[in-house]
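Asks: Take a look at the letters that make up each chain.
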Amino acid sequence: MNQEPIDPQAWSELLALGGEDADSMVDELIDMYLEDSTVLLAAIRRDHQSNQPQSLARTAHALRSPSATLGALRLAEHCRRVEEASTREDLPPEAVIEELMEEAHRVTIDLQSRRRQA
Amino acid sequence: MSPPTRILLIDDDRILQKVLQRVLKKEGADVLLASDGPSGLAMAREHHPQVVLCDWNMDGMDGLEVCHHFKSDPELNNLFFILLTSRSGLEDRVAGLDSGADDFLAKPVEPAELTARVRSGMRQYESNQSLRQLSLDLDQQRRLLEEEMARAAEYVISILPASIDGPIATDSLFLPSQKLGGDCYDFYWLDEDHFIFYMLDVSGHGLAAALPSISIYNLLRSSALPKEILLQPEKVLASLNSFFQMGRQNEQYFTIWYGVYQPSSQTLRFASAGHPPCLLLSPFAPSGRSMQELKTNNLPIGLFEDATYVEQSTQIQPGSLIYLYTDGIYETMGQAGPHQFGEWTFKSFTELMLSTAASDPPALEKVMAAIKQTTGVLHFSDDVSLMRLSFRTEPD
Chain A
39 MNQEPIDPQA WSELLALGGE DADSMVDELI DMYLEDSTVL LAAIRRDHQS
89 NQPQSLARTA HALRSPSATL GALRLAEHCR RVEEASTRED LPPEAVIEEL
139 MEEAHRVTID LQSRRRQA
Chain B
536 MSPPTRILLI DDDRILQKVL QRVLKKEGAD VLLASDGPSG LAMAREHHPQ
586 VVLCDWNMDG MDGLEVCHHF KSDPELNNLF FILLTSRSGL EDRVAGLDSG
636 ADDFLAKPVE PAELTARVRS GMRQYESNQS LRQLSLDLDQ QRRLLEEEMA
686 RAAEYVISIL PASIDGPIAT DSLFLPSQKL GGDCYDFYWL DEDHFIFYML
736 DVSGHGLAAA LPSISIYNLL RSSALPKEIL LQPEKVLASL NSFFQMGRQN
786 EQYFTIWYGV YQPSSQTLRF ASAGHPPCLL LSPFAPSGRS MQELKTNNLP
836 IGLFEDATYV EQSTQIQPGS LIYLYTDGIY ETMGQAGPHQ FGEWTFKSFT
886 ELMLSTAASD PPALEKVMAA IKQTTGVLHF SDDVSLMRLS FRTEPD
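Chains A and B, in that order, give the protein sequences.
Just so you know, we're using the working numbering here: the first sequence kicks off at 39 and counts up by one.
Just so you know, we're using the working numbering here: the second sequence kicks off at 536 and counts up by one.
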């Protein structure tokens, strides 16, 4: 798996979906994503700190789906790991959450740059 | 051009919503968006989409539950329901199918697959709609037909004779089947010394059977046949056979049992043509009654123009009973299953008639109730007619 935060193939497929005015669609999607992910990342940290595995599973799922749609496949995978661990009612270790946060940070920077390019 | 496909997309991921909406709009579809099950259901009731795309994993009401709500709502259950799922396990598919989902779409969604599944869903929705319409039309036609049959049955009932008392107390019962058969019967005093009674059954069902049976009834009631003929059963049958050569036109025929009783000589003259035998039960004795089957070997009426008919006669003792009936009473109940007589046949029918014929026989309704109880049959598939003559014990 490549090391880029946004999978190039997934991204080009997304652009293909957008068709002629792909740019404006992508801008809109990135804005929505950044808006939502800020809220969701804060919630993930809060759920983890307050030991709420059920809520954590839902939040991680809520971040996973849009991340996958925008090609942030590694982040989606981190989300899935957290979601699955929490669904079993085990709170994942702190390190797993930190990895997710780091990846989310990279994704955010990448998307912001794409937004500016567009 | 047909109106655009209307698709309802229920997903709590608004990014995916946007993307899928775009793909579907490019295909010319009208896309409605809902972010959870309850608002999706409300939207479907208001806007009547043909296809629903619903995510499986959602907070609150999940996709399975949403699907179940759609499929158990008569107003919404005809929609084509596609579950979006990242699950691929067999158990998940089984759960999805059990909740009524019509198709699945794997996440991440592949646009070409999405549009292909929506198109296939539309085709199925449309063929379901035409089947649904067809079944509504058929249902309405069936109801109209049943109403007409019921009206025809009412007419037949209205012309049938009422019970009479006197030296030969006679009563009868007519149970028209839903399809209406061709049963008809009559009994009356032709003059002071001649009591006429007959029963007939035209082949087939519906008006095609009921109309001929009514016209035969009218012919025998009118003075079209002279009295000398009406008093001779074999001549009545021969006359009817020459009038009703129906076989050539529509392969119809009828069976009949016709009798004339003369009190002064206590003689019954009778002729039957393909009709089940009349049951003659001897006067009541402490050992019970004995039973005789009265019939003559003649072909049904209307089969062969040159058929000849014969009659017989027998003495009737005071206190005797006569039962006349159509084959619907025993023939169509073969499937009724086991009962106290084993398989319900003509023989078990006659045994039951004998066992119910006490010294003071019960009303025909009670006899019929006993038949229904014995056979477990509530509704007969053919017309059922039953007539009983009770000959007074002490002649006047």
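Keep in mind the hints are simulated off the structure, nothing from the lab.
Mixed in with the good hints, there may be bad ones.
[As the list claims (entries may be wrong)] Computed beta-carbon distance windows for the label pairs:
(1) A/E127 - B/D633: 22 to 28 Å
(2) B/R580 - A/S88: 53 to 59 Å
(3) A/R83 - B/N663: 31 to 37 Å
(4) B/S665 - A/V134: 29 to 35 Å
(5) A/R83 - B/S665: 41 to 47 Å
(6) B/D633 - A/A60: 36 to 42 Å
(7) A/D61 - B/A630: 27 to 33 Å
(8) B/E581 - A/E115: 51 to 57 Å
(9) A/Q92 - B/E626: 39 to 45 Å
(10) A/Q92 - B/A630: 19 to 25 Å
(11) B/N663 - A/E42: 44 to 50 Å
Because the structure is a prediction, the values reported are computed rather than measured.
Where a beta carbon is used, it is the ideal one built from N, C-alpha and C, also for glycine.
Asks: Taking the hints in turn, state whether each one holds.
Replies: Now the hints, each set against the structure:
1. In this structure, A/E127 and B/D633 meet the distance hint of 22 to 28 Å, their C-beta atoms being roughly 26 Å apart.
2. Under the hint 53 to 59 Å, the C-beta atoms of B/R580 and A/S88, about 39 Å apart, miss the expected range.
3. The hint said 31 to 37 Å for the Cβ distance between A/R83 and B/N663, and at roughly 49 Å that hint is violated.
4. Look at B/S665 against A/V134: about 54 Å separates their beta carbons, and that is not inside 29 to 35 Å.
5. As the Cβ distance of A/R83 to B/S665 is approximately 55 Å, the hint placing it in 41 to 47 Å is violated.
6. Our hint of 36 to 42 Å for B/D633 and A/A60 holds, since their Cβ atoms are close to 40 Å apart.
7. As the Cβ distance of A/D61 to B/A630 is approximately 41 Å, the hint placing it in 27 to 33 Å is violated.
8. Here the CB-CB span from B/E581 to A/E115 is close to 39 Å, at odds with the stated 51 to 57 Å.
9. Evaluation of the 39 to 45 Å hint for A/Q92 and B/E626 yields a failure: the beta carbon distance comes to about 22 Å.
10. Checked against the given bound of 19 to 25 Å, the beta carbons of A/Q92 and B/A630, roughly 21 Å apart, stay inside it.
11. Taking the beta carbon of each, B/N663 and A/E42 are about 46 Å apart, inside 44 to 50 Å as hinted.
This entry does not satisfy hints 2, 3, 4, 5, 7, 8, 9, going by the numbered hints stated previously.
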